[in-house]
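Novice: Residue strings, one per chain:
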Amino acid sequence: MPHRVIAALALLSVSSVPVVAQSPDGAAVYANARCFACHGQMGDGGVGPRLAGDRMLAISQFVAARVLLGTSVMPAFADSLKDEEIAAVATYVRTNWGNQFGDVSAEEVQATRKLLGVSEPRTAGTK
Amino acid sequence: MVALIFRAPIRLTLLLLGIAAGLATVGPLSGSAQEGPALGSPKGDSGGDSAQSDALSPDRLIDVPIVNLTPGAVDVRPKLAIPNLDADAAQRGLQYFTNFNCVGCHMPNGGGGMGPALSFRPFIYGDRPENIYLSIHQGRPNGMPAWGTVIPEKLIWDIVAYVKNLSQAPAQEWGTTTSKTSPAIEQVPKEFKPSTAQPWNYTQKFSSGQAPNP
Amino acid sequence: MLRSLRGCLPYAALLFLTAPVCAATGAPAEPLSPSDSRTSNGAEAPPAIEQLVGDKNNWGMAAKDYANTRYSELDQINAANVAQLQVAWMFSLGAVRGQEAAPLVINGVVYVVAPYAGPNPNQVFALALASGDLKWSYAPKPNSAAAGIACCDVVSRGLAYDKGKIFLNTLDGYSVALEAETGKELWHTRLGDINKGETITMAPVVVKDKVLVGNSGGEYGARGWLAAVDANSGKILWRAYSTGPDSEVLIGDDFKAPYPWMSGKDMGVQSWPPDKWKVGGGNAWGWISYDPELNLIYYGTGNPGAWNHETRPGDNLWSCAIFARNPDTGMAKWAYQIGPHDLWDYDEINENILVDLPIDNQVRKVLIHPGRNGYMYVLDRATGEVISADAFDNVNTISSIDLKSGRPVLNDSLTPQVGRTVRNVCPASPGAKDWQPSAWSPRTKLLYVPHQHICMNFLTGDVGYIAGTPYVGAEVDMFAGPGGYRGEFMAWDPVTKKKVWAITEQLPVWSGALVTKGDVAFYGTMDRWFKAVDANSGKVLWQFRAGSGFIGQPTTFAGADGRQYVAIISGVGGWSGAIAVAKIDPRVRNGALGFTGAMQDLPAHTVGGATLLVFALPTNKRDTADIAAPPK
Chain A
0 MPHRVIAALA
10 LLSVSSVPVV
20 AQSPDGAAVY
30 ANARCFACHG
40 QMGDGGVGPR
50 LAGDRMLAIS
60 QFVAARVLLG
70 TSVMPAFADS
80 LKDEEIAAVA
90 TYVRTNWGNQ
100 FGDVSAEEVQ
110 ATRKLLGVSE
120 PRTAGTK
Chain B
0 MVALIFRAPI
10 RLTLLLLGIA
20 AGLATVGPLS
30 GSAQEGPALG
40 SPKGDSGGDS
50 AQSDALSPDR
60 LIDVPIVNLT
70 PGAVDVRPKL
80 AIPNLDADAA
90 QRGLQYFTNF
100 NCVGCHMPNG
110 GGGMGPALSF
120 RPFIYGDRPE
130 NIYLSIHQGR
140 PNGMPAWGTV
150 IPEKLIWDIV
160 AYVKNLSQAP
170 AQEWGTTTSK
180 TSPAIEQVPK
190 EFKPSTAQPW
200 NYTQKFSSGQ
210 APNP
Chain C
0 MLRSLRGCLP
10 YAALLFLTAP
20 VCAATGAPAE
30 PLSPSDSRTS
40 NGAEAPPAIE
50 QLVGDKNNWG
60 MAAKDYANTR
70 YSELDQINAA
80 NVAQLQVAWM
90 FSLGAVRGQE
100 AAPLVINGVV
110 YVVAPYAGPN
120 PNQVFALALA
130 SGDLKWSYAP
140 KPNSAAAGIA
150 CCDVVSRGLA
160 YDKGKIFLNT
170 LDGYSVALEA
180 ETGKELWHTR
190 LGDINKGETI
200 TMAPVVVKDK
210 VLVGNSGGEY
220 GARGWLAAVD
230 ANSGKILWRA
240 YSTGPDSEVL
250 IGDDFKAPYP
260 WMSGKDMGVQ
270 SWPPDKWKVG
280 GGNAWGWISY
290 DPELNLIYYG
300 TGNPGAWNHE
310 TRPGDNLWSC
320 AIFARNPDTG
330 MAKWAYQIGP
340 HDLWDYDEIN
350 ENILVDLPID
360 NQVRKVLIHP
370 GRNGYMYVLD
380 RATGEVISAD
390 AFDNVNTISS
400 IDLKSGRPVL
410 NDSLTPQVGR
420 TVRNVCPASP
430 GAKDWQPSAW
440 SPRTKLLYVP
450 HQHICMNFLT
460 GDVGYIAGTP
470 YVGAEVDMFA
480 GPGGYRGEFM
490 AWDPVTKKKV
500 WAITEQLPVW
510 SGALVTKGDV
520 AFYGTMDRWF
530 KAVDANSGKV
540 LWQFRAGSGF
550 IGQPTTFAGA
560 DGRQYVAIIS
570 GVGGWSGAIA
580 VAKIDPRVRN
590 GALGFTGAMQ
600 DLPAHTVGGA
610 TLLVFALPTN
620 KRDTADIAAP
630 PK
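Residue numbers (numbering that gives the first Met the number 0), protein chains in the order written: chain A, 0 to 126; chain B, 0 to 213; chain C, 0 to 631.
These are calculated hints, taken from the structure and not from any lab test.
Be aware that a few hints might be false.
Claimed, not checked - SDA-like mimics (lysine to any residue), calculated; alpha carbons at most 25 Å apart, straight line:
| no. | chain 1 | residue 1 | chain 2 | residue 2 |
| --- | --- | --- | --- | --- |
| 1 | B | Lys-179 | B | Gln-167 |
| 2 | C | Lys-195 | A | Pro-48 |
| 3 | C | Lys-444 | C | Lys-582 |
| 4 | C | Lys-582 | B | Phe-122 |
Unchecked claim - Examples of chain B residues toward chain C, derived with CB under 10 Å:
| no. | residue |
| --- | --- |
| 5 | Ala-170 |
| 6 | Gly-174 |
| 7 | Lys-189 |
To be verified - Just a sample of chain B residues kept apart from chain A, beta carbon distances all over 12 Å, derived:
| no. | residue |
| --- | --- |
| 8 | Pro-77 |
| 9 | Arg-91 |
| 10 | Gln-94 |
| 11 | Tyr-95 |
| 12 | Gly-138 |
| 13 | Trp-146 |
| 14 | Pro-151 |
| 15 | Gln-167 |
| 16 | Lys-179 |
| 17 | Thr-195 |
| 18 | Pro-211 |
On a predicted model such as this, the values are computed, not experimentally measured, just so you know.
The C-beta atom is built at its ideal place from N, Cα and C for all residues, glycine as well.
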């Protein structure tokens, strides 16, 4: 598909580092995508549910799906976050505030996208 | 979803066309504000949904004056289609008022503390809905944070609906007399009634610093 | 400088002698002669704070001396003649918000700082004592958003002075040094960040060329700290946090906890749920005292973040605690947590007055700490062990302090629970006494304590942390305590542990106290009275009706003209008085973190002000030209 090629070229031209990209910082994604606004900066929740101590986060596919699709209240981030960024923020919420649920990889996020039939993001990253 | 098919330059053109269309036809927003599934990402996301909110897009809200002083003594206030700020919106707004810590500065029922009271008018930066919206979105001097890039637009309107209710005190006089006998009434304090989006519906005799009558 | 004074033990002298007998150069021999700080070659060197604390003619630091006694050796004004006290001159600070600052006087110049309001927030003024002439003023660069991060009005509790420099804290987090003679800015150092909910309201204290500064922000989840800034360069020398690992709290091998439940590694992390210590509060926004013999500074820490205690199971060390630290390194020697797992916002930043008291046939080196929680603590200031703790007001949250374990015995029926209103909690969150400082007289051996008498209803709720916004989670409603009065000025005997006399006031007594060798104690009321009372009997001897209520600190000093002056700034505000100066609705009780409920009639008594008042006895001459004469 032409637009995939353009997107790939855009990514390459934008980045000035080798093709192996640095993994994004999960805390930075949590801030820039405004997760903190609804889930709180300590995972206490607010408009959104509490993340600290939430055992559902133990299921990595669940976390990836939530971030990709959102809910009736939570926005969907499939378009605005890349797999690496979703992996980073999923890892962040699973390994902070007392949560010890382990990493999530970009490959897992990619697999979840496929499972859900959700396309790649058009944009190159968060705002 | 439609936007996904297009490449970036075409999408931008569509966006601009959408805004222009919105400017030409002010009005038919109320429907779209009530329906719609997700709240949408916070402003700044260049997704394709901007066409829905063009009547309230930044270049119209920016025309809203926050003061009552317009040179020429002409009313040039833009006609905006404000979303329906009904009781349901105010109920949601009550929840967000707590969740986003508005209550921390403005206090329960908007009584005032670190931030000014919202329980009586005038608000110094304007008390029309669009003024309240902009104060929340942009922040204000002396300590009001700028929430516009943090809270989605629809939620801010819900908060506006709630905030409007906070200052609906029973009208006594145009000004405010303070004395040993005035004010004569106070709100029933928050710990003695369920959370309500209409706190001025519950009043009792002024307690003058003594324990409130439960 | 300090060594040369060792021989006369000026600090002990304050307690037991009526006149310091010093071998130091230039000590005043006659009452009221001006301080003479000449160096050996005769040149006038600007005085050091170590000298000023023992100099009765000056008031060199907010708390008067390192022991924080607020006691003056001056007795020209005394119980017999104070009824004649009258205004010598006034000065308007121009910024109409709460006036909490203590007027300092060094060698005939008065130094005050205004609140963070008006066109020049935190403006500093230097005035000639004899004439009231304005010598200079200084306005720091303002950041108006800081006003929204101050929990309890935009106050400043005062300045500090040492060797020709004036030190200022700005609300938005800067420590600033000025040349005392000219007001010229020497350096400014940023210590706090309002985006993290940090502000600074406390009066700095200078110890051994280090400016000690602590932050505010417990209502914003701002992690508390005390920093030492080099007085000459403005560089940060050390910063001791109140929560977190030992390496950041500056707890090392030299540290010994007075009770086993505070011992262990990294208790500032262990006593919190994961990561919660990062938003743990424990702010050092109150008073700092210093014992030069033990080489220890003493200060208390504030409430843990959030008020809703269910967000932070654990003891929440080291919030609501008194620290003893080495001022050179910041390393803690001991710490005693008065309020483990605080339930009520009982900050414990109140003053620690250093006194040597006869207890059980021994003279003990103690500190007296009027607790926010309503208990008067006497601690061994070398170890932190509690010698006694007795309720000085109506308290139902804590039934006693267990001297064996050092822990408060709580009334469990009043423990807050999300969604359930707890009623008639006494004392209310501002405690039986808040920051307003008491004074100690070595003559009467009594502590003069301004305080409040209020209770509250308390309802906690869920809260999420968002930096720069409040992290509270409680809805509060305060009201007058039993008896219907809301304030009291009392004399307390720390040895018999009893109230000796008390004057009740209809409003909280939110001003500081002052007591003198003339056996007069001074305090101000929120309904605009500045009062002088007999230090022995409590009889009101004189009172003056000012323009606005009082929440400030009275100080006293002498001029080159041979007159003793008493000064205080009039201007209501602060947490208790914010309703009279800010846009707060008296009809909505839960406002002002609950204080609206107890103060909703305050605007019927007073609104804001900003006036420095300087009082003195009338001169002998009828002609008042002396007062208006230009300074020498």
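Novice: Take a quick look at Pro-77 of chain B and tell me if its Cβ sits farther than 12 Å from every Cβ on chain A, holds or violated.
Specialist: At roughly 27 Å from the nearest Cβ of chain A, Pro-77 of chain B sits farther out than 12 Å, so the non-interface label holds.
Novice: Verify the proposed pairing of Lys-195 of chain C with Pro-48 of chain A, using a straight-line Cα cut of 25 Å.
Specialist: holds, 23 Å
Novice: Please confirm whether Tyr-95 of chain B is truly not at the interface, meaning its C-beta sits more than 12 Å away from all C-beta atoms of chain A.
Specialist: violated, 6 Å
Novice: For the pair we were handed, Lys-444 of chain C and Lys-582 of chain C, check the Cα-Cα distance against 25 Å.
Specialist: Violated. Lys-444 of chain C to Lys-582 of chain C sits at ~43 Å, over the 25 Å cutoff.
Novice: So Gly-138 of chain B supposedly isn't at the interface. Is its beta-carbon more than 12 Å from every beta-carbon in chain A?
Specialist: holds, 15 Å
Novice: Is the hint on Ala-170 of chain B kept, meaning its closest Cβ partner in chain C is under 10 Å away?
Specialist: violated, 13 Å
Novice: Is Gln-167 of chain B truly not at the interface, in the sense that its beta carbon sits beyond 12 Å from all beta carbons of chain A?
Specialist: The claim holds: Gln-167 of chain B sits with its nearest Cβ about 25 Å from chain A, beyond 12 Å.
Novice: Beyond 12 Å from chain A, beta-carbon-wise, is Trp-146 of chain B?
Specialist: The claim is violated: Trp-146 of chain B sits with its nearest Cβ about 8 Å from chain A, within 12 Å.
Novice: Decide, holds or violated, for the assertion that all CB atoms of chain A are farther than 12 Å from the CB of Lys-179 of chain B.
Specialist: holds, 42 Å
Novice: Holds or violated: Gly-174 of chain B as interface residue toward chain C, Cβ cutoff 10 Å?
Specialist: Gly-174 of chain B check fails; min Cβ-Cβ to chain C is 14 Å, beyond 10 Å.
Novice: Could you let me know if the closest chain A CB is still more than 12 Å away from the CB of Thr-195 of chain B?
Specialist: holds, 19 Å
Novice: Has the given pair, Lys-582 of chain C with Phe-122 of chain B, been kept, meaning a C-alpha gap of at most 25 Å?
Specialist: holds, 10 Å
When held up to the earlier numbered hints, the structure conflicts with 3, 5, 6, 9, 10, 11, 13 and 14 and fits the remainder.
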